[in-house]
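**Student:** Protein chains in written order, with numbering that gives the first Met the number 0: chain Z, 0 to 188; chain Y, 0 to 188.
Worth flagging that the hints you see were computed from the coordinates, not collected in a lab. On a predicted model such as this, the values are computed, not experimentally measured, just so you know. It is possible that some hints are incorrect.
Heads up, the list lumps identical chains together, so a pair's fine if it works in one copy or across two of them.
Claimed, not checked - No more than 27 Å apart at the CA atoms, straight line, and that leaves these computed lysine-lysine pairs for DSS-like:
| # | residue 1 | residue 2 |
| --- | --- | --- |
| 1 | K44 | K149 |
| 2 | K91 | K60 |
| 3 | K70 | K113 |
| 4 | K91 | K50 |
| 5 | K53 | K151 |
| 6 | K45 | K112 |
| 7 | K96 | K60 |
| 8 | K137 | K65 |
| 9 | K137 | K53 |
| 10 | K82 | K53 |
| 11 | K151 | K60 |
| 12 | K96 | K53 |
| 13 | K137 | K70 |
| 14 | K82 | K151 |
| 15 | K65 | K166 |
| 16 | K53 | K91 |
| 17 | K82 | K50 |
| 18 | K91 | K161 |
| 19 | K44 | K112 |
| 20 | K137 | K45 |
| 21 | K65 | K82 |
| 22 | K45 | K113 |
| 23 | K70 | K151 |
| 24 | K166 | K50 |
| 25 | K113 | K60 |
| 26 | K53 | K113 |
| 27 | K44 | K70 |
| 28 | K65 | K53 |
Number of protein chains: 2
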Amino acid sequence: MKYPNAIKKTTNKIIDYANRGMNLESDLNLTNTYYLENNIAVIYKKPTPIKIVKVSFDNKKNSTIKEAYFKRPSTTDYNGLYKGKYIDFEAKEVRGKSFPLSNINVHQIEHIKKVLAHGGICFLIVRFTLLNRTYLFKGEDLIEFINNGKRKSIPLTLFDEKGYLIKEAFMPRLNYIDIIDIVYLGGKV
Amino acid sequence: MKYPNAIKKTTNKIIDYANRGMNLESDLNLTNTYYLENNIAVIYKKPTPIKIVKVSFDNKKNSTIKEAYFKRPSTTDYNGLYKGKYIDFEAKEVRGKSFPLSNINVHQIEHIKKVLAHGGICFLIVRFTLLNRTYLFKGEDLIEFINNGKRKSIPLTLFDEKGYLIKEAFMPRLNYIDIIDIVYLGGKV
């Protein structure tokens, strides 16, 4: 799924962004909408967690939040349901050729462990933006890497070895459900 | 689970609130924290969906949301995982002796249908605040009532007939998992 100019380094960020298309969140939202509308899966991005401090009531129907703060997420961004299974994942973009563990906070790692312990399907979706490659990386492999404790960043080579490259297309944009079928539900490669 | 003064009408709202204790959302948050900490289930309330319009960056680390609006939820408030099963529910408090369907918007009803169709466990938790009774009401029964199309409000009698009264206690506050065991997972009454 490499695009012609994807690896070429450029100092012109506008061209770079144009080449790599939409960002991961938009791609996943389009994908999830496609799954929902085609009755394939029910998976949503959770709203951004915020702490609301001040609200003004303009009139009976409308109220405006005038002061609020972003909170650190204590769970992953996406969850839902596919073929009766609980699905849970976090999505991240990175520019370099490794995935720094600092991208996922301690609460999120605890959440991933709990989901796995309770029989859920849990993974990361990581896009290496300069390579324009997007991988599904199993939660179990993430926890193993963390427990190993040797490195603070998961190298791209480990994504190639243990992860699953997600196909990009027009619709659905990022067909990660196909990979869930293969990896978790015994489908054919 | 009726408390002595729960049904008595009072014009003093402060006393009324004191008698009925905490609100449903607080009770459910305490319950879900209990389930999480005791490794029973992984169930969270989703953050309130908002549309962020203006953010000011005070310094490198902090940013303040200066203008945002509440959005209508398109899914239910709570979801998660219990014994490998996808759990999904909406929680509502009502004062009267019936549950107006207007409490749940069209998108939420579509969501409930989809969750049921994909094999998830989906229900309402409804508290009748003046009676201080909290019920689990199955999503299937809600959809049947809506499809029936005769009434715009589910009467308390139907909660007594088809719903399940949730026990209130110190910890967990509202033990709805016990009811899931019985209703959905073949546990004993």
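**Student:** Against the structure, test the hints numbered earlier, and report the numbers of the ones violated in rising order.
**Tutor:** Checked against the structure, the hints that fail are numbers 1, 5, 8, 9, 10, 12, 14, 15, 17, 21, 24, 25 and 26, while the rest are satisfied.
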